[in-house]
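Going down the list, the protein sequences come from chains U and L.
By the count of this note's numbering, the first sequence reaches residue 144 at its end, each step adding exactly one.
By the count of this note's numbering, the second sequence reaches residue 144 at its end, each step adding exactly one.
I should point out that these hints are in silico values taken from the structure, not numbers from a laboratory.
The beta-carbon is built from N, C-alpha and C at its ideal position, and this holds for glycine as well.
It cannot be assumed that every hint is accurate.
[What the hints assert, rightly or not] Away from chain U, derived, C-beta distances all over 10 Å, residues of chain L:
| id | residue |
| --- | --- |
| 1 | E51 |
| 2 | R61 |
| 3 | V112 |
[What the hints assert, rightly or not] Covered stretches of chain L (chain U as the covering partner; in silico rule of three or more C-beta atoms under 8 Å from a C-beta of chain U):
| id | stretch |
| --- | --- |
| 4 | 28 to 35 |
| 5 | 39 to 48 |
| 6 | 79 to 92 |
| 7 | 95 to 109 |
| 8 | 118 to 124 |
| 9 | 132 to 141 |
[Stated by the list, open to error] Partial list, computed: chain U residues near chain L (C-beta under 8 Å):
| id | residue |
| --- | --- |
| 10 | T33 |
| 11 | L47 |
| 12 | P82 |
| 13 | L87 |
| 14 | L101 |
| 15 | L104 |
| 16 | G105 |
There are 2 protein chains.
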Amino acid sequence: MHKSKLAGLIIDCQTDDLPAAASFWSQALGLPEDTSPGGTDGRYVDLLYPDNALHVEVQKVTHPSRVHLDIETDDVEAEVERLELLGARRVQQVKTWWVMEAPTGQRFCVVRVQNSNFDAVAKVWG
Amino acid sequence: MHKSKLAGLIIDCQTDDLPAAASFWSQALGLPEDTSPGGTDGRYVDLLYPDNALHVEVQKVTHPSRVHLDIETDDVEAEVERLELLGARRVQQVKTWWVMEAPTGQRFCVVRVQNSNFDAVAKVWG
Numbered sequence: 019m020h021k022s023k024l025a026g027l028i029i030d031c032q033t034d035d036l037p038a039a040a041s042f043w044s045q046a047l048g049l050p051e052d053t054s055p056g057g058t059d060g061r062y063v064d065l066l067y068p069d070n071a072l073h074v075e076v077q078k079v080t081h082p083s084r085v086h087l088d089i090e091t092d093d094v095e096a097e098v099e100r101l102e103l104l105g106a107r108r109v110q111q112v113k114t115w116w117v118m119e120a121p122t123g124q125r126f127c128v129v130r131v132q133n134s135n136f137d138a139v140a141k142v143w144g
Numbered sequence: 019m020h021k022s023k024l025a026g027l028i029i030d031c032q033t034d035d036l037p038a039a040a041s042f043w044s045q046a047l048g049l050p051e052d053t054s055p056g057g058t059d060g061r062y063v064d065l066l067y068p069d070n071a072l073h074v075e076v077q078k079v080t081h082p083s084r085v086h087l088d089i090e091t092d093d094v095e096a097e098v099e100r101l102e103l104l105g106a107r108r109v110q111q112v113k114t115w116w117v118m119e120a121p122t123g124q125r126f127c128v129v130r131v132q133n134s135n136f137d138a139v140a141k142v143w144g
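With the rest of the complex left out, here is chain U:
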């Protein structure tokens, strides 16, 4: 048995100016930038969602701009296998997470637990 849930959304920006991109999305969504250590590292800036109920992140990327979803889980391999059975496919493993592609074409990531509401909200599988 393992658990998973929607972790949040990543705003991928093809830009050389991450601070400007983060500033736009912060103001557009009304979510403050996380300026604490760990909230940004030059490649991404976290946006603070009320009650930390959702992880929202502005990320600097080299591919075309888009928005992608993250799924968080206490067992990445088991979750990737569950999603494969639903029709998704593995694209690439990066550090501790997997990039996957949905049958409908969107890419998304399967990541380790990020949010403090994981235990309360995550679904149990298997």
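Put chain L on the given structure of chain U with help from the hints.
For chain L alone, kept in the frame of chain U given last:
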């Protein structure tokens, strides 16, 4: 003065089989499909998020699959003007909402109030 907040995320699927797309995303994210009247109309299926804190929708589209964000507001025109000042541009008005494009390239929509937590969570502008 007007208010706005992140309304949710729309999973745009270029597909002829909306039920299959909705089924995948429902199971992938662990969010049940809304089978009530108004929860689906053949072009979209709502996925039920805990406490209705976020609007999550699987939508059948003709453009390439992607994920886009919606911003909800009590004054669509004022919110569109606010976002223009931040650098976004108007793409197209559809019924009661506007499709806009961020300076970083992602398209998003500015829509009327959808979620019951709007008054409690929305930011006040101007």
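Here is how each hint holds up against the structure:
Taking the minimum C-beta to C-beta distance to chain U, about 14 Å, the non-interface status of E51/L holds against the 10 Å cut. Look at R61/L: its CB is around 15 Å from the nearest CB on chain U, clear of 10 Å, so calling it non-interface holds up. At roughly 19 Å, the least C-beta separation between V112/L and chain U is larger than 10 Å, which holds for a residue marked as non-interface. Counting residues of the stretch 28 to 35 of chain L whose beta-carbon sits less than 8 Å from any beta-carbon of chain U gives 4, enough to reach three: the coverage restraint holds.
Residue count for the stretch 39 to 48 of chain L with a Cβ under 8 Å from a Cβ of chain U: 7. That meets the three needed, and the coverage hint holds. A count of 7 residues in the stretch 79 to 92 of chain L with a Cβ less than 8 Å from any Cβ of chain U is obtained; the coverage claim is therefore met, three being the minimum. For a cut-off of 8 Å, the count of residues in the stretch 95 to 109 of chain L with a CB near a CB of chain U stands at 4, and the three-residue condition holds. Counting residues of the stretch 118 to 124 of chain L whose CB lies closer than 8 Å to any CB of chain U gives 5, so the stated coverage by that chain holds, three being the minimum.
Residues of the stretch 132 to 141 of chain L lying with their CB closer than 8 Å to a CB of chain U number 3, which satisfies the three-residue condition for coverage. Proximity of T33/U to chain L holds as hinted, the smallest CB-CB distance being about 6 Å (cut-off 8 Å). A least Cβ separation of about 5 Å between L47/U and chain L falls short of the 8 Å threshold, and the interface hint therefore holds. With 8 Å as the threshold, the beta carbon of P82/U comes within range of chain L, its nearest partner Cβ sitting at about 7 Å, so the hint holds.
Below 8 Å, beta-carbon pairs count as interface contacts, and L87/U has one with chain L at about 6 Å; its hint therefore holds. The restraint placing L101/U at the interface with chain L holds, with a minimum CB-CB distance near 6 Å, inside the 8 Å limit. Interface restraint check for L104/U: the shortest CB-CB distance to chain L comes to about 5 Å, inside 8 Å, so the restraint holds. Taking 8 Å as the C-beta contact cut-off toward chain L, the hint placing G105/U at the interface holds, the least distance being around 6 Å.
In terms of the numbered hints stated before, the structure departs from none.
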